[in-house]
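Residue numbers (my numbering), protein chains in the order written: chain A, 431 to 785; chain B, 431 to 785; chain C, 431 to 785; chain D, 431 to 785.
I should point out that these hints are in silico values taken from the structure, not numbers from a laboratory. In this text, all values refer to a predicted model and were calculated from it rather than measured experimentally. A couple of the hints might just be wrong.
Cut-off 25 angstroms, straight-line C-alpha distance, at most; resulting in silico cross-link-like pairs (DSS-like, lysine-lysine) [unchecked claim]: (1) Lys-504(C) to Lys-493(C); (2) Lys-504(B) to Lys-515(C); (3) Lys-547(C) to Lys-515(B); (4) Lys-504(B) to Lys-515(B).
Number of protein chains: 4
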Amino acid sequence: MGSSFGTGFRVSTFGESHGVGVGAIVDGCPAQVEVSLEAIQAQADRRKPGQSDLTTQRMEADKVEILSGVQHGKTLGTPIGLLVKNYDQRPGDYGEVLDAPRPSHADFTYLKKYGVKAKSGGGRASARETAARVAAGALAEQYLQQLCGIEIVAWVNSVGAIGSDVDVNSVTRADVDTRAVRCPDPAAADAMEARIREVRDEGDSIGGTLMCVCRNVPAGWGEPIFDKAEALLAQAMLSIPACKAFEIGSGFAGTELRGSQHNDPFTGGATELGTSTNNSGGVQGGITNGMPIVFRVAFKPPATISRPQETVDYEGNAVTLQVTQGRHDPCVVPRAVPIVEAMAALVLADLARQV
Amino acid sequence: MGSSFGTGFRVSTFGESHGVGVGAIVDGCPAQVEVSLEAIQAQADRRKPGQSDLTTQRMEADKVEILSGVQHGKTLGTPIGLLVKNYDQRPGDYGEVLDAPRPSHADFTYLKKYGVKAKSGGGRASARETAARVAAGALAEQYLQQLCGIEIVAWVNSVGAIGSDVDVNSVTRADVDTRAVRCPDPAAADAMEARIREVRDEGDSIGGTLMCVCRNVPAGWGEPIFDKAEALLAQAMLSIPACKAFEIGSGFAGTELRGSQHNDPFTGGATELGTSTNNSGGVQGGITNGMPIVFRVAFKPPATISRPQETVDYEGNAVTLQVTQGRHDPCVVPRAVPIVEAMAALVLADLARQV
Amino acid sequence: MGSSFGTGFRVSTFGESHGVGVGAIVDGCPAQVEVSLEAIQAQADRRKPGQSDLTTQRMEADKVEILSGVQHGKTLGTPIGLLVKNYDQRPGDYGEVLDAPRPSHADFTYLKKYGVKAKSGGGRASARETAARVAAGALAEQYLQQLCGIEIVAWVNSVGAIGSDVDVNSVTRADVDTRAVRCPDPAAADAMEARIREVRDEGDSIGGTLMCVCRNVPAGWGEPIFDKAEALLAQAMLSIPACKAFEIGSGFAGTELRGSQHNDPFTGGATELGTSTNNSGGVQGGITNGMPIVFRVAFKPPATISRPQETVDYEGNAVTLQVTQGRHDPCVVPRAVPIVEAMAALVLADLARQV
Amino acid sequence: MGSSFGTGFRVSTFGESHGVGVGAIVDGCPAQVEVSLEAIQAQADRRKPGQSDLTTQRMEADKVEILSGVQHGKTLGTPIGLLVKNYDQRPGDYGEVLDAPRPSHADFTYLKKYGVKAKSGGGRASARETAARVAAGALAEQYLQQLCGIEIVAWVNSVGAIGSDVDVNSVTRADVDTRAVRCPDPAAADAMEARIREVRDEGDSIGGTLMCVCRNVPAGWGEPIFDKAEALLAQAMLSIPACKAFEIGSGFAGTELRGSQHNDPFTGGATELGTSTNNSGGVQGGITNGMPIVFRVAFKPPATISRPQETVDYEGNAVTLQVTQGRHDPCVVPRAVPIVEAMAALVLADLARQV
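With the rest of the complex left out, here is chain A (with noise of 0.2 angstroms):
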């Protein structure tokens, strides 16, 4: 189970690498919701492989079909059935059963949650199930959209050591895009790039951050116990692979501050109040303030790396694992851009339906 996120709006994704394709159902979409086709293939063409050389050099194409719930560019209210087909769909036998399981792949767990040995290449823990998620995603920002304006924009803050110094505020998805490493600080996206392509050189990997910004979220939204917004995002975050971490607002940091230095004093709005500081990161009490809502999450450096690996196979005898050069992806955080958006999308469509 599982495979579904949302209880007002509510996404359930399916798909293998190397089965017909991976999808998403959206059941709870209201009625009449203007669809844009094309927004939604521009998200998941953010997320596809082969974009840059920053990247793994897989091609997939990753072209969205809309199965259902869609009619003459609105949708109907119905469950909207969203398809991206494999671009190689081998029916058989894709790879080699593996003798050892790949050190912090989900090899071995599956092996032990569902008693099956993982193929190379293939598998079922795969990061091609995110582009189902994107795709959902994208539509519940139009939805989300077209109700209040809500505009959604990650970035990568952090590649390795590397930092950035982007404007919450005012951060645009053409400015993210400027970059293939997209990250809007020119300075720290040229150090970024230049260390992307070293580790990627010595079949290496790296880790880094994502920040995301949600705009003009209306007070109001969440639960109070168990689905506070900011718990929801927690768990949509740590769902997409490779996720080490998420903080909301002043996060960890924050822990160093006293009250006194941290507490949001309220403003006068025009018509509502404002806080001006936001150390909340847009929630309290899980509920949003109208505040943004602003978070951090972190991405492992992948797993997958060309180097050789000392490790065990399956019946614990030493072994040296060593992938093929060249098919590894050396940094997820600029693909995962649009996934960090996708499920933000998919958590505030949720909540809107819960209000």
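With chain A's structure known, arrange chains B, C and D on it following the hints.
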């Protein structure tokens, strides 16, 4: 909604600070689990206010009653009702309706969601609801102990900028409880306790972090897509009041490593593979790998402080807010220890029931 | 599991016959609904045993307490806890472990599911759990009344082969309660009451049917696929102990009609279309059409009788079972009236929250 | 919402009559179940239109494709995507917007719910969605067969007032399929087929009932409160378009019996207790008892008829509606057989996963 957590082992909480009490219904606990009310009460006692001079001096008895689902010390397989009566059940007006929303409290967001202004000292966003979670979590822990010997230990890892050094593999609850601040590193505990008294005496508050380890969790628990073990843990932790961040395994720091450093090589165990490092934090691809689950959470400084605060009232007029001295909790992390343990137990019990 | 019902307006029940009590948690009721505890108690009183010589003579006070979610007579938007304490809380052994499973009771099936043998007079499959449903349903009814003036009236339609003739459009609860048997057709009620006394005096029991009408339900409630209004009503009714059948509108009899007879022609209303007949029973394609929702449910004769029964014990040996005279309920339908009304209210409240 | 059914074995359907197709995602099917696409297609073929002169003459190929979750003929444990492409995918306007809501169709109720007027011949409430359920149910059946040899057989029990006599214990699908009307009682089948042709030739339609038996279901399945086996079956059946009633075991007729007649005495079996009668219909207290599950469902006469109908348009003006001859289905029960079997399988698979 959102007052329920879990699918296979589901807890639903209810209750406000000034009604009859707070409670939880646990549905999905198997029949024939031995239940120790003493063990449940012990965790409730670790959460309750007034345990030391480091916390609020408000006194609450927090006596847990079992309403249903247990007979002769064993579960029946039916829903288990747990009730913690309020010490002081004032049915009527407890406090004054506040003129101004307190900064970084939920007063403003609750008004936006429910259309009701909060009263001083009362209200629905009370941390008192966590008493119900602790009781339910302590029950979940007993199920997990009997199922496969799972041990869950949380402790205070930092207060403000004061960190600590604790052996994740060996630390016990007894170690943790040697100090009021619940940090088992004595030197760090001294500094932390001094720090908390200092901010308390200044009418201020301070944040901190907790670490938590879950040992003896079998490999193969967790769901591969949205209900990854780490995703449910993240949701569970961010659903605790004042929690702002979650990281598992290497977390944010791991983003600075290379894959060749970060990958956890497998090692042959007596009956099962293990890993020689644990940057994964006990999960790979959302599924447990049999290694200890290790995660860290951040709690902001409590919003209630007794220093005057410049803010605005509901109409946007500038006001100075000041809470009566002596009521506030200068640092929540010591009392958050059993809450973090409870939420971890609820997540694991839920995964256990979905295997 | 399975102790919760509903998604938008969700009730979870708990409690056994011989613990502290039975209760319900209602999550999803909006804030600011006016709550009358008297109206809740009135429905609980209609369900409780010992109301007349037609039912079991066991006495239960069935006093409903509100644990949470209501303040100053209004809902807070938070979960509403309801508790009905047991009159006789014997914590220990209530009855003897039975040597033989009682025919058409749940003794055998509970043993198969939970691995525990039932005790006489106690146990988990008790009809007492319906006290919690009635309390929650009475609350749901108040929400529905305030939302759009919905009225729900159920009555006894038949006892054994004795039918009745009641005007679906005008019947009120006051009409229903003029007779102990809760059938508002006086001649039928006379015959029914005589019949129930007759089977009671013979140590036997008899079945019956109820009808229920829900008026003023707006058009447009219900979901088109699995959560059709009639499908949720069917689940709700068949979840009542001893219920064996459900039909909406024309039901089984309608299968003998032709489409030209069965179709409900539309008629122009003042502000809204209606239909000149109501074979649909108020729903079309799973969604309410604004006409009264009319359905009928069947309750089998109670399994507990005081006549001797030839059966076998758990080891398969032939035995004669005989229950002590005077404890059993010869016909459940009079007391089922408020339960049917409660379940209908819970379904409608859930649909109301999903619109 | 409401496009999903089940918790442990969950099916979500999607698709309209005139988009790409209809489909289902099944989440929760265990890994390693052998899947026969032929067996799935066989059930789809039993549902599709145009099988005989008794049904609509519209032709649909209804070819089932597996999109995901199955590899080398076995399930992977991941979501299984099933797609039935529409024969005639007209992306644009299919029919005219209707001036008047068709009596006893969902045109009016969908307008009220979604704010969109239906088009002739198209629309979202189409029975075509049941093709997806049949495919998912056929998969569920394979799981149940491999798990414990469960057999599910449904047949036409009556058409209009014409009943039949069939041996519940021995009837097979092959028996059922000997006749186009799917009633295995030859004399009754003759009369039924004549009756259907008669109403068809008069441009009218007729209702009917189905019976269904589920054999080899183990004792102990089902949940005791809201998710009783019979309650989920009732929901499942009433969720089928045109279904108006459900009864299990003795049903409505059983209300006329006394407890001493209705109770099912236990009998000692070789390894397990059985009962000498089966008025319970295979369930007691919501939980299966190992006896065959037997239930009956009612389908109203189809609302689409070719005789003229007096009704009103959306503005309340009197109009005469007439559908073009030859398109309508005079009686749905023969084609409902695989749908009832599918829904029964989905309920049982869900209960199997919750044991």
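Looking back at the numbered hints, which does the structure fail to meet, lowest number first? Hint check: 3 fails alone, others pass.
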